[in-house]
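Respectively, the protein sequence lines represent chains Y, Z and A. The first sequence begins at 1 in the working numbering and counts up one residue at a time. The second sequence begins at 264 in the working numbering and counts up one residue at a time. The third sequence begins at 544 in the working numbering and counts up one residue at a time.
Calculated directly from the structure, the hints in this document are not laboratory data. Idealized CB from N, CA, C, for every residue including glycine. Misleading hints may appear alongside valid ones.
Some chain Y residues judged to face chain Z by a derived CB distance under 7 angstroms, without partners named [stated by the list, open to error]:
(1) Leu6
(2) Ala10
(3) Val12
(4) Gly20
(5) Cys71
(6) Arg78
(7) Ser97
(8) Val100
(9) Ile188
(10) Gly200
(11) Tyr202
(12) Tyr227
(13) Ala252
(14) Met253
When the alpha-carbon atoms are kept at most 20 angstroms apart in a straight line, the in silico EDC-like pairs for lysine to aspartate or glutamate are as follows [said to hold, decoys possible]:
(15) Lys616(A) <-> Asp45(Y)
(16) Lys613(A) <-> Glu159(Y)
(17) Lys643(A) <-> Glu693(A)
Computed list of chain A residues with no C-beta within reach of chain Y, every gap over 12 angstroms [to be verified]:
(18) Leu549
(19) Asn550
(20) Gln624
(21) Asp636
(22) Gly641
(23) Arg645
(24) Pro648
(25) Glu793
(26) Leu795
So the chains spell out like this:
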Amino acid sequence: MRRLSLRAVAIVYLLAILVGPLAIVFWRTFQDGLEPAWQALSNPDTVHAFKLTLIITAIAVPVNTVFGIVCGLAIVRRSFPGKGLLNAFIDLPLALSPVVVGLALFLLYGRDGWFGGWLDRHDIQFLFALPSMVVATIFVSLPFVAREVIPTLREIGDEQEQAAQTLGASGWQTFWRITLPSIRWAVIYGVILTTARCLGEYGAVAVVSGRLQGQTETATLRVQERYESFDLAGAYAISILLALIAILVLLAMTITRPREEPA
Amino acid sequence: MASLASDAARLAPPARVSRDRAGTALSLGFVTTFLTIMVVLPIAALIAASGEDGWSGFWDAVTSPGAVAALKLTLGASLIVSLINAVLGTITAWVLVRDDFRGKALMNSIIDLPFALPTIVAGLTLLALYGPRSPIGIEIAYTRVSIVLALMFVTLPFVVRTVQPVLQELDVEMEQAAKSLGASEAKTFRRVILPNILPGILSGVALAFAKAVGEFGSLVIITGNLPYKTEVSSVYIFGRIESGDNVAAAATATVLLVISFAVLLSIGVIRHFATRHEHA
Amino acid sequence: MSIHVLNVSKSFGAFAALDDISLEVEGGSLTALLGPSGSGKSTLLRIIAGLETPDTGEIQISGRDATALKPQKRNVGFVFQHYAAFKHMTVRDNIAFGLKVRKRPRAEIRRRVDELLRLVQLEAFGRRYPAQLSGGQRQRMALARALAPEPQVLLLDEPFGALDARVRAELREWLRRLHDEVHVTTVFVTHDQEEAMEVADQIAVLNQGRLEQVGTPSDLYDEPATEFVMRFVGDANAVDGVLVRPHDVELLFEPADGAVEVMVERVTILGWEAKVELADGDGGPLVAKLTRERLDELELERGQIVWVLPSRERVFA
Chain Y
1 MRRLSLRAVA IVYLLAILVG PLAIVFWRTF QDGLEPAWQA LSNPDTVHAF KLTLIITAIA
61 VPVNTVFGIV CGLAIVRRSF PGKGLLNAFI DLPLALSPVV VGLALFLLYG RDGWFGGWLD
121 RHDIQFLFAL PSMVVATIFV SLPFVAREVI PTLREIGDEQ EQAAQTLGAS GWQTFWRITL
181 PSIRWAVIYG VILTTARCLG EYGAVAVVSG RLQGQTETAT LRVQERYESF DLAGAYAISI
241 LLALIAILVL LAMTITRPRE EPA
Chain Z
264 MASLASDAAR LAPPARVSRD RAGTALSLGF VTTFLTIMVV LPIAALIAAS GEDGWSGFWD
324 AVTSPGAVAA LKLTLGASLI VSLINAVLGT ITAWVLVRDD FRGKALMNSI IDLPFALPTI
384 VAGLTLLALY GPRSPIGIEI AYTRVSIVLA LMFVTLPFVV RTVQPVLQEL DVEMEQAAKS
444 LGASEAKTFR RVILPNILPG ILSGVALAFA KAVGEFGSLV IITGNLPYKT EVSSVYIFGR
504 IESGDNVAAA ATATVLLVIS FAVLLSIGVI RHFATRHEHA
Chain A
544 MSIHVLNVSK SFGAFAALDD ISLEVEGGSL TALLGPSGSG KSTLLRIIAG LETPDTGEIQ
604 ISGRDATALK PQKRNVGFVF QHYAAFKHMT VRDNIAFGLK VRKRPRAEIR RRVDELLRLV
664 QLEAFGRRYP AQLSGGQRQR MALARALAPE PQVLLLDEPF GALDARVRAE LREWLRRLHD
724 EVHVTTVFVT HDQEEAMEVA DQIAVLNQGR LEQVGTPSDL YDEPATEFVM RFVGDANAVD
784 GVLVRPHDVE LLFEPADGAV EVMVERVTIL GWEAKVELAD GDGGPLVAKL TRERLDELEL
844 ERGQIVWVLP SRERVFA
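Using the sequences provided together with the hints, build the complete structure.
Here it is as structure tokens:
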């Protein structure tokens, strides 16, 4: 009896908060068929927004993947002082408000900021342009690969790498043939999480981009812009596409989720 | 997310550390340079900017009525949501681990939706169901309730995912021993299960709290951002940036920054506390 | 192919793992490093492999100073207690690894892998993954992998420690036969003195970072150099300040010169021998081992008083 009531609580909870709202949006969007949604999505500014989102993601994900792997290896396999501090800074993006992140970048690279003068002199447009949006996205999606790689590396231990050494493999050979393959699922899962975060980023990019329509709007910024322009249908259409991508991401996460392997 | 349970499992003796000093210097150099440029310097610039008008300027900005109202609202809502999560999240984790039914795998996957869905889309979807022209007649947009609702969406996975692995690795035999010694279901839960999953619950709550305090995207649409009514700190800061009031924005942001650091610290403490039984 | 360990010392922080160890391993021999946990035997093995560096001292392999060489350059094969199998590669790829890394031609690699699979009797398992093999099979694969690049020296770190008793016994024999066939200088670490006695030509006994004795199995058993060696390799009783093996005592029914008065506590039959547990006046336990024949002759009973006379004892300063 108690079992059923607990189950009911959980199901109602998830339906009310997650599934219900999403279902309504799907319904509302396709109420009048596919045509209006398609129209909204083919708007040139919307297409540009998606392109921008994809470009930013395509840059941020590899950068954070390399960082995550190098960082994970350094923390687990090497000894140096200040590991705790390093761990704290890696985790910080998870606990920090995106608006605070955007503001921090805004202040650092703005005209009066420490880097601002240098950028001005070299005529480099950082804020209100792609570079700042990429940097902001890198910041907020920084931890994911590292946080998956670190526990996996710890669990695996380094005996396979020692064996490779005794068999004559150089450092680089050991890394490519032994270390990397042994953590590949952790890396893949981390990459999926990173990608999801990059695609969904809103607050930090909203601050640094200036939200210039048709120029520095990402897909998520575009949703807000359409809503503010009273184009609810347009906002829904973009949201549906983002939601579909999210469901694909969920699928990928479920398939690649690291399982606790028995010894 | 690295779980507390796996933390305990990994207190096994560490593998040998590399003595290749050149490699250590190189990788460490790369990592610290990257982090300094990407994380440390922006944060430093933020703190510096908040102090531009001196301590009095900082204090004035942080105690201005708008900022205070926003902060009270933010902290209050985040606290409520964290407590709701503690209960509902634990129940959900319990159902996922201990119960078995068709569709459980689907339920397990859906939990991660808030990680995958952009926050702005989350806000919009909540508006569709609970806003004007709500199909079920619940219209709570532009109210304080909407804040709690949106925060519940974005923080839903946190407690569930921190409690799940702990529950999974919990030794069933401990409970069986308690029952064989005469403890009732409720007593067993309170005295055997709860103490063991408490660190998991607490760290999930801490993560949820941090996320809630800083949440922005999902609140922008559904709350209407009415100052003193439904304007949270992140929205307030955004407003100050748009008005060009950098000091006020930076000062309030620094307060949020401190809260974030405090939460990270408390999670570290919880982790240490949780694994103290494993220390020699 | 010989190994010379010259005055090697190694500490981990305040813990002295090895204290001035010097050891000679003849080319082509099978040597055991025997000792209890913490004796430093694994550390010594890893230093020979290059996986650890000594604080002081030198390692010479085949006459050349290898102390500064990284493991990659020493051409030593190493077998780990927990196999260290490359989990994401097949058995064939595992064995081929050392050759692939040296960029040998594919045909040569294939030939050598086939040869080794036959040697370790895993021909049918080439395409399997380590997870699909039993513990014993995994260790045989690990051995084949270590031998593939034709190392000068083969090092094994408690190679059978993770296996159950029967498999351990089988692999022990198998290692001995393998060595007879392949003749590569082999050093293996073990805490099991029976294993060392059965397999090795030469045994080096380590205790708390120091070398207690080096010799053949019979040297160690018959002429132990220290009390530790006598107690560790075989059993020993302390009788009146003197150490004597359970087999080397006589039980008498009358007092005699040099005999100690004891009471029979328990008689246990162990197949073809019998174990007699005795207690002397101070309560110190003594164990005597006799043949069943002798036991029947004596007709011992619980509580009986007899006298124990060491027929071959050793005294250590």
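Against the structure, the hints:
For Leu6(Y), the interface hint holds, the least distance from its beta-carbon to any beta-carbon of chain Z being 5 angstroms, beneath 7 angstroms. Among the interface hints, the one on Ala10(Y) holds; its C-beta lies about 4 angstroms from the nearest C-beta in chain Z, closer than the 7 angstroms criterion. Hint on Val12(Y) is violated. Least Cβ distance to chain Z is approximately 10 angstroms, over the 7 angstroms limit. Against a cut-off of 7 angstroms between C-beta atoms, the interface hint on Gly20(Y) holds, since the closest Cβ of chain Z lies about 5 angstroms away.
With its C-beta approaching chain Z no nearer than about 5 angstroms, Cys71(Y) sits inside the 7 angstroms limit, and its interface hint holds. Evaluation of the Arg78(Y) hint against chain Z yields a held restraint, the C-beta minimum of about 5 angstroms falling below 7 angstroms. Among the interface hints, the one on Ser97(Y) holds; its C-beta lies about 3 angstroms from the nearest C-beta in chain Z, closer than the 7 angstroms criterion. For Val100(Y), the interface hint holds, the least distance from its beta-carbon to any beta-carbon of chain Z being 4 angstroms, beneath 7 angstroms.
Among the interface hints, the one on Ile188(Y) is violated; its C-beta lies about 15 angstroms from the nearest C-beta in chain Z, farther than the 7 angstroms criterion. Hint status for Gly200(Y): holds, given a least beta-carbon distance of 3 angstroms to chain Z, under 7 angstroms. For Tyr202(Y), the suggested interface contact is upheld, since its CB lies about 4 angstroms from the closest CB of chain Z, less than 7 angstroms. Given hint, Tyr227(Y) at the interface with chain Z, holds; its Cβ is 6 angstroms from that chain's nearest Cβ, closer than 7 angstroms.
Proximity of Ala252(Y) to chain Z is violated relative to the hint, the smallest CB-CB distance being about 9 angstroms (cut-off 7 angstroms). Restraint check, Met253(Y) versus chain Z: the minimum CB separation of about 6 angstroms is within 7 angstroms; hint holds. Restraint check for Lys616(A) and Asp45(Y): not satisfied, since their Cα atoms lie roughly 60 angstroms apart, outside the 20 angstroms limit. About 16 angstroms separates the Cα atoms of Lys613(A) and Glu159(Y), which keeps this hinted pair within 20 angstroms; it holds.
Our distance criterion of 20 angstroms between C-alpha atoms is met by Lys643(A) and Glu693(A), whose separation comes to about 13 angstroms. At the 12 angstroms boundary, the C-beta of Leu549(A) stays outside the reach of chain Y, the nearest C-beta of that chain being 22 angstroms off. For Asn550(A), the requirement that its beta carbon stay farther than 12 angstroms from each beta carbon of chain Y is met, with the minimum near 24 angstroms. With a least CB separation of 9 angstroms from chain Y, Gln624(A) falls inside the 12 angstroms interface cut-off, contrary to its annotation.
Listed as outside the interface, Asp636(A) is inconsistent with that label: its C-beta sits roughly 10 angstroms from the nearest C-beta of chain Y, within the 12 angstroms cut-off. Its closest Cβ contact with chain Y, about 4 angstroms, brings Gly641(A) to no more than 12 angstroms, contrary to its assignment away from the interface. Distance check on Arg645(A): its Cβ comes as close as 6 angstroms (rounded) to a Cβ of chain Y, failing to clear the 12 angstroms threshold; non-interface status is violated. Chain Y leaves Pro648(A) outside its interface by the beta-carbon criterion, the shortest separation being 16 angstroms against a cut-off of 12 angstroms.
Even its closest Cβ contact with chain Y, about 52 angstroms, leaves Glu793(A) beyond 12 angstroms, as expected for a residue assigned away from the interface. Consistency note on Leu795(A): stated as away from chain Y, and its beta-carbon is indeed over 12 angstroms from all of that chain's, at 55 angstroms minimum.
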